[in-house]
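For the record, the sequence lines run as chains L and E.
Counted from 1, the first sequence has number 329 at position 329 by the UniProt record's numbering; the numbering is strictly sequential.
Counted from 1, the second sequence has number 31 at position 31 by the UniProt record's numbering; the numbering is strictly sequential.
Mixed in with the good hints there might be a few duds.
[To be verified] Subject to a maximum C-alpha distance of 25 angstroms in a straight line, what follows is the list of computed SDA-like cross-link-like pairs (lysine to any residue):
| hint | chain 1 | residue 1 | chain 2 | residue 2 |
| --- | --- | --- | --- | --- |
| 1 | E | K763 | L | G24 |
| 2 | E | K777 | L | E417 |
| 3 | E | K777 | L | A404 |
| 4 | L | K59 | E | Q910 |
| 5 | L | K23 | E | N373 |
| 6 | E | K887 | L | A404 |
| 7 | L | K428 | E | E873 |
| 8 | E | K777 | L | D413 |
| 9 | L | K311 | E | E873 |
| 10 | E | K777 | L | Q26 |
| 11 | L | K23 | E | E873 |
| 12 | E | K887 | L | K23 |
| 13 | L | K428 | E | N373 |
| 14 | L | K59 | E | L909 |
| 15 | E | K821 | L | K23 |
| 16 | L | K428 | E | Y911 |
Derived from the structure by calculation, the hints contain no laboratory data.
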Amino acid sequence: KSSVQTIGEEQIQNPYTELLVLKGHQDIVRFLVQIDDCRFASAGDDGIIFLWNAQTGEKLFELHGHAHKITAIAPFYSSDASGENNQLILTASADRTVIVWDCSSGKQIQKVSCFHSTVKCLTVLQRLDVWLSGGSDLCVWNRKLDLLCKTSHLTDAGISALVELPKNCVVAAVGKELIIFRLIDRPEGWNVLEVKRLVDHQDNILSLVSVNDLTFVTGSHVGELIVWDALDWTKQASECKFWDSSLHTDAQPEIKLSQSPNETSVQHLTSDEECVFAAVGKGIYVYSLQMKRVIACQKTAHDSSVLHIAKLPNRQLISCSEDGSVRIWELREKQQLPAEPVPTGFFNMWGFGRANKQANQAAKKTQENTTMYFLELVGDLIGHSSAVQMFLYFGELGLATCSADHLVILWKDGERESRLRSVTLFQKLAQNGGSQLKF
Amino acid sequence: MISAPDVVAFTKEEEFEDELCSEPPLPEEYSVPLFPFAGPGANPWSKVASSKFTRDFILISEFSEQVGPQPLLTIPDDAKVSGTFDLNYFSLRIMSVDYQASFVGHPPGCAYPKLNFVEDSKVVLGDSKEGAFAYVHHLTLYDLEARGFVRPFCMAYISADEHKIMQQFQELSAEFSKASECLKTGNRKAFASELEKKLKDLDYTRTVLHNETEIQKKSNDKGYYTTQAIEKANELASVEKSIIEHQDLLKQIRSYPYRRLKDSDFHPYEPECGLDQAHVSCDQDLTTSDLAEPGEMHLYAHVPSYTPKLIKAKSAKCFDKKLKTLEELCDIYFFTQTLDQLHHIERTFRGDVCYLLTNQISRALLKQQSLTNFLFEDASLLDEKAPEKPYRGCQRFSQDAVNRKCLEESPAPRVVISLGSYKSSVECVPIKMEQEIEDSQEPKMTESITFEHQENLDYLDADIKGSISSGESIEVLGTEKSASVLTKSESQASLPISPSPQVGRSKVGSRRTVSEDSIEVLSTCPSESLIPEDFKASYPSAINEEPYADDEEGGLRFSPKLNLDNADEQEGSSKQENLLQVDSACCIGKESPTFLEPLPDLGQKHCDEDGVVSIPPQPYRPAEQGLHGTFAGYHSHDSVSGGLLPYELDPRYLAGSRDVSKTSLDECSDSTSYISSAASTCSDRTPSPAHPVIPVNERHKKKAGQNALRFIRQYPFAHPAIYSLLSGRTLIVLGEDEAIVKKLVTALSIFVPNCGVFAKPVKHWVTSPLHIVDFQKWKLIGLQRMVSPAGVNMLHALSRYSRYISILDADSKTLRCPLYKGTLVSRLADHRTQIKRGSTYYMHVQSILTQLCSKAFLFTFCHHLHLPISERESEESVVSRRMNFLKIHLGLVNEDIKIVQYLAELLKLQYIQEPGQGVNPLLRFDYVPSFLYKI
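Here chain L stands alone, though its shape is the one from the complex (with noise of 0.2 angstroms):
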């Protein structure tokens, strides 16, 4: 436990200076999803929607209509006939039905509860204006809700993640396979056929993520982490039991194992064009998609599982975990020259210990890999009572991180804000014509 990397008091990278706390959920809060540029939508275990704007913290709707909890979430950006953009949300809920809001009115449109059981992940698939519910099976729906086809029952358990891939197909994960459909929008009617399964999974798996048109990544419970090629679904590459020190003693010399399954699970998954990070148990790690190798990894990142990670777009990744605290990293290149050994001093000012000695220990063995990566603890936001479930990334608007605390924290970059608030002050000023100023 006390591998966990801290970092202290002081945090100059760290920009969230001030924060808001949104109130309104009863429980759980599990789901967040951004509507847009400064808007999004919160959901949890109370079955109570909320949108917030991102800016203020304004609570903007409350959107009541599920008995149950909400098992999945998806942005449904629109377009009518006559343009008109019109932002809905859609919600699936325990009490197995679907419902479509309205996010510019709050109003809710309209409620399908034909399903059989409960739908556990909604896709959109813009391209085909069509969206996909799956649970037991997988259905397949215009945007007026009507059922265009649906699949034969397939697992008890239903579907877990839903991606999109090319050529309209579709890859859902159902236990430990992988199935991948076809929709075909024939003259006749649509239609969604099964066209291949993939077995290589020893485990259920738990997050899939698409990085790009040719390659999506799927990751299980048992810590594997396939590279799928997206065009003919062939492995690409697998980094099974990747934490293992044994395979990869050249960059992770010191990881020890621990092998509860717990502990090496593939929580989320994100990727950018060159990587795909992986919430491994309570560790992070980077995996290079061109060198098919973890290139750095934090195995201790928090306290307890990591549940949700994302990347910036300023190299760096926030994590966020059941331990209830959400992290900043940085993806740090460092040029390791023999002629330069890193001075400690300089890490263990920001209590960079341990990562520091691995990161020398590997740099010495890896001196013939020009470059070598680490991860660095840049700042941690500490609000949340319990686990942080998910957050969003809101670009200088901030970050919203959602909890099992029923809250949800608006992070803020406090002299952004403050700036905000003087421009204001001095709009306001300029309106009122100084007429409440007696200078």
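Once you've looked at the hints, dock chain E against the given chain L.
Chain E in isolation, oriented as in the chain L frame:
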């Protein structure tokens, strides 16, 4: 009769003046008011210099028709307060100067008794022999069993300090008006239900009598009426008449212009749910709509439990029956409200007048700082803004100012009359006059005159109400303003007095006298009313009202011309009505002309706007010389003072701190607070039962200041702790003992900036683990340390959120918080401070915090510090300009900058907050290391 004005008490004054004259006189505006009872060696701050009571109190008296003036109750209800002061005697005094012309009677030409809604009168009078000065508020309550249906009462604020009464007249008047309004509202309610019962009785009696008559008729076979039968018939007729009269009264009482309450936006006494008001208006509707219906059952529908009684033909002599008590006269809810209000008045006006004045001045100044005052000022002070504005008193005040201005232009010489002439004029007013006047052709005009005069009274009630005692020590009091032109020499005093230029108030002298037998107040008339013509002219105004039945508003109708001219003022005075005398069932009013009172004809307006008859200023009458002597003597110190009372505070303040400078710290808290309370506000002595929640009262301030003083002396790390509070970092006071923790929290609370116009973000005692939301909401928290597992949880939470909080451990005397290297706090909390008293320290803190606020204000509202001057200017240069400003212009060092920045952020948030839209409270924090401080 005016032969014995009271001069005795002021003999000392003269010696004193002589001493004073030997020194070069200070310019008027710098002079400090002299203590009226000052003598060599006398403690100028002992309040009880010559009075027999220990402190100010409120007295409610009644002019009982059975026993004459009698005191009913005092507030506070404590025998110690009034001491040896003769309440009976004083009641006699104050009740004998009732300006109210409470006429109730049969208006000629009107068949029925008529109620009128009389405006209260407000008088200042002094009894220097007793050392008592009083603001006296006369009011009448209705009582069915009383003579003329009215019972005169008065509420008096009695103080040993004449200045206090004079200077606080407006405020006293406003506050007492509230109390009176409340009492009268309750009384009307009680009166209405009384009438309803009576009507039931009468109805029942009529039925019984009717039956008896029928029986007699049947049995009567002699063909002529027996005397018995005639008697019965007469009786029946009188019952019928009585019923009609009572119905009429009921209608009248219900037609009371509630509109006036609505207009004033002042409803402090409506029952919480507004039920009562609704009830009343509902009743009104009911009665008005049902009046046409024959069956009156409706009317009484809501008092079904009442069993009607048979009313005897001849009611008992009025001296035999017991009159209702004040409590019985008023609806219980309103009665308690009134008492609450009176207690509130008593508390509000406690203490020295200079203290009150300073408070008022600073309050007025604070209101101007609407942008920053929320930060450190009491929310309670700021809240007062709201109710004060709509209140009538304010309006009146401004109108008063207009009036004053107007009057200043044509200064009215003081009108003085001799009692002799006055009295005789009263005596020779024949009662028959009413009838003649009724036929006079000038009703409108006279009406407007009266109206004007009353309006004058209304607006100028801050002005002199003179009274002439009959050989006793009641004396006329002028306002300090009038007195300031009175010079010390007696000869000058005999000159007509005109308003002094530097003061705004007009002089409208109104005189009153007390007749020897002190049965009835003679008049409230100014001199002109003594002139028979005037008397005639003004008197009928009361009877020229249109019958109330036509008057939907239940009020008086004024001539349209007047309405136009006084559109605004009318609001305040349209209820000015005069009571007419009624022949009540049991009373003797009719037979006794002595009880006929002259009409109030108060005040005199010299700048009549509408060209109605104006009364020329009366020439000075030499008969008043003696009295003026009193004036001059009495008010001479005023002319020296120039009204700069607030300065009085300083010597006391200094002397006070010197007094206790030797007491040790530990004694300090108690002994000094006692001393200070004795010296100034007395607020410690009586807990306030009526308003238990006053956010920050004097006592709290004192206590907080005292605790804070102790804190900064005991804890060497007081500075970083205070810095935490000022920079918006939540400070947690952790401890096992609730009392200790609360004490610390109280001490530190004076440093906590408010986040809005709400109460301070201070939580005195928490026992559950804290969450992030708590830090957002509270900036100072007292937290219980527990040994249980819950306690472990709590400590865990504390260490988890340690970046947001500073922790002051009261048990181990440690503080964990960021470093502070600024200079600001050391001025705020110098452990070597010479300040000894809690309230003084509180003020010291307030003054430094106010300074800080002004810095924050400057910083916040300087445009270029936050926004680029030109389009191309980079953000960096703005930032550097900003920092330069903070460091160089505001002279802030190190962490002081963060304090001002935090305050500026609060100011911004407050300013940009949209009204009505709740703003999410922010939590701002820094990533700075904390350090552990130990003693």
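Exercise. Among the hints numbered above, which are violated by the structure, and what are their numbers in rising order?
Worked result: Going through the list in order, the structure violates hints 5, 6, 9, 11, 12, 15 and respects the others.
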